[in-house]
Amino acid sequence: MRLRVALLVTSLLPFAATPVAHGQSSKVRLEGDWVRIDPDGVGSFGGLSGVIPPAQLLPGVSAGGRGDGRGRGGRGAPPNSGSGPNAEGVPYIVVAQPCAGGGPGRSNGALLVNPDSGGVHFIEHKDEVIFAGERGGVRHIYIDGRSHPNVWTPTAAGHSVGRYEGSTLVVETTGFSPGMVPGGGVRTAETRLLERFEMSPDGNRLTVTYTWDDPKVYQKPHVYRYYFERAPAIESKGMKVSYALEEWCDAGDPIEKQSIVPPKQIIK
Amino acid sequence: MKRWCVLASAIACLVLLPTSARSRVFGQEQRGTPDISGFWELSFDSRNVPRANLLPTITRAKLDVRAKKDAYAIRWCNLLGVPFIMDPGRPLDIRQGSTAIIIVPENSSPPRYLYTNRSAHITEEIFDPSTNGDSIGHWEGDTLVADTVGFHGDHGITAIPGGGYRTEKSHLVERYRLLKDGSILSVTFTWSDPTVFRTPHSYEFRYQRLPATYEPRQWLSCDPYDEDRAKFLESTPLPPKPAARAVSKE
Numbered sequence: 057m058r059l060r061v062a063l064l065v066t067s068l069l070p071f072a073a074t075p076v077a078h079g080q081s082s083k084v085r086l087e088g089d090w091v092r093i094d095p096d097g098v099g100s101f102g103g104l105s106g107v108i109p110p111a112q113l114l115p116g117v118s119a120g121g122r123g124d125g126r127g128r129g130g131r132g133a134p135p136n137s138g139s140g141p142n143a144e145g146v147p148y149i150v151v152a153q154p155c156a157g158g159g160p161g162r163s164n165g166a167l168l169v170n171p172d173s174g175g176v177h178f179i180e181h182k183d184e185v186i187f188a189g190e191r192g193g194v195r196h197i198y199i200d201g202r203s204h205p206n207v208w209t210p211t212a213a214g215h216s217v218g219r220y221e222g223s224t225l226v227v228e229t230t231g232f233s234p235g236m237v238p239g240g241g242v243r244t245a246e247t248r249l250l251e252r253f254e255m256s257p258d259g260n261r262l263t264v265t266y267t268w269d270d271p272k273v274y275q276k277p278h279v280y281r282y283y284f285e286r287a288p289a290i291e292s293k294g295m296k297v298s299y300a301l302e303e304w305c306d307a308g309d310p311i312e313k314q315s316i317v318p319p320k321q322i323i324k
Numbered sequence: 054m055k056r057w058c059v060l061a062s063a064i065a066c067l068v069l070l071p072t073s074a075r076s077r078v079f080g081q082e083q084r085g086t087p088d089i090s091g092f093w094e095l096s097f098d099s100r101n102v103p104r105a106n107l108l109p110t111i112t113r114a115k116l117d118v119r120a121k122k123d124a125y126a127i128r129w130c131n132l133l134g135v136p137f138i139m140d141p142g143r144p145l146d147i148r149q150g151s152t153a154i155i156i157v158p159e160n161s162s163p164p165r166y167l168y169t170n171r172s173a174h175i176t177e178e179i180f181d182p183s184t185n186g187d188s189i190g191h192w193e194g195d196t197l198v199a200d201t202v203g204f205h206g207d208h209g210i211t212a213i214p215g216g217g218y219r220t221e222k223s224h225l226v227e228r229y230r231l232l233k234d235g236s237i238l239s240v241t242f243t244w245s246d247p248t249v250f251r252t253p254h255s256y257e258f259r260y261q262r263l264p265a266t267y268e269p270r271q272w273l274s275c276d277p278y279d280e281d282r283a284k285f286l287e288s289t290p291l292p293p294k295p296a297a298r299a300v301s302k303e
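Going down the list, the protein sequences come from chains A and B.
Just remember that the working numbering sits 56 ahead of the position in the first sequence, which is counted from 1.
Just remember that the working numbering sits 53 ahead of the position in the second sequence, which is counted from 1.
Hints are all accurate, no fakes.
In the DSBU-like style, the derived pairs of lysine-lysine whose C-alpha atoms are separated by at most 30 Å in a straight line are:
#1 B:K284 / A:K313
#2 B:K222 / A:K296
#3 B:K115 / B:K284
#4 B:K121 / A:K313
#5 B:K222 / B:K121
#6 B:K222 / B:K115
#7 A:K293 / B:K222
#8 B:K122 / A:K313
It should be emphasised that the hints constitute simulated quantities derived from the structure, not laboratory data.
Source: prediction; values computed, not measured.
Work the whole structure out from these sequences, hints included.
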């Protein structure tokens, strides 16, 4: 009998090892390297904001603008210093404060609540999912069952807890500092963001659905989607690999402020 | 009756198993290796750092130039990189995934990725040198061995604990091992660089595990355009010049 019980237990072990608690499929995983894509054919990174439906704000609530002020550009370009084009070899100063924005140059769309065109990376652990961007920002998404803290200092990324529904990671974030939301929305300390990180069956496409909700701000939840694909793998020493790049931006380097140096003009 | 008790006990064990099985599908525990994930911090007695045995060519003047570059990196909020972010003054969040182990500092520097899904470095023709370099990891029993090359020679803070600095020729081997029932994470760092060290330079940090409920501060801001901050940093004098023997005449 003991032998039979042992055999029964052994035969059941593989089922016990399946990820019942989180429902996370072992075949389709969020972990890895992703890049945001433009399936709507907008044609420019700035234009991606153009396909986001406008937020329906309550009367009296000021719109947050169409964009989010993210990116390498930093804090505003200075006004054009002169009339007409610069002389040959004289660069245009196009960014007043390059590499600004909460970090070494970047905060990446409120610390990846609104990821930009840089590569992003997920590492999945049983207690936490780390969401990191090449252009800055790291989000800690706790999936260990904790709730939002009672005491929290609002931040641009807020406080995120998540759970898996099948292979979809569902993340709820609260505790935002005041700021803008794509599509002309705004966020406050009371705003709640629900994100669904949903992968295609082949695991190569990621759709993130953002739902911003705040009864003091929105007439109805503000919903839009971003799309990502797996970062292209490159061939290295016979392996197909992808990896996180490092984007360097040196605020102390004057060249970060300028455009390309106008090349010599050859007029025939 | 006794048979059914045995059977019931066995099934009860299986019901309880998913708790540990959860981790199997997420991280390295899938392959029976330890899970070094957690929040880790260094304390005042966490560092065992002997003095590095530097080449005679590493003069005080060269070290001063490096010190100025490091000060510049702090002043302008540059990416900081390895080895600095392994001792950043705040806890590290380490998470072990199925393809990589990520090490996340709380300051505004990119995390490290120790890739466990490949056994070779990205070829030099492809990999752009970076402050963190290209790290690959594998397990030797209960020890995670991480191997890093591809460092940038100038970017970030390049100073190495114990003396010397990283260059594009630097090679770092780290050995991560849990001690005291997982309450301590020992990391032994060994740097070799034919342009800096006479012999490989090793030191050990012992990180203390923080409660699982700890929550890291998010991406501490660094504003290179804060004039008051800039004045504060730029008024910091360099350390006094020590006797030459202390640095280059080991």
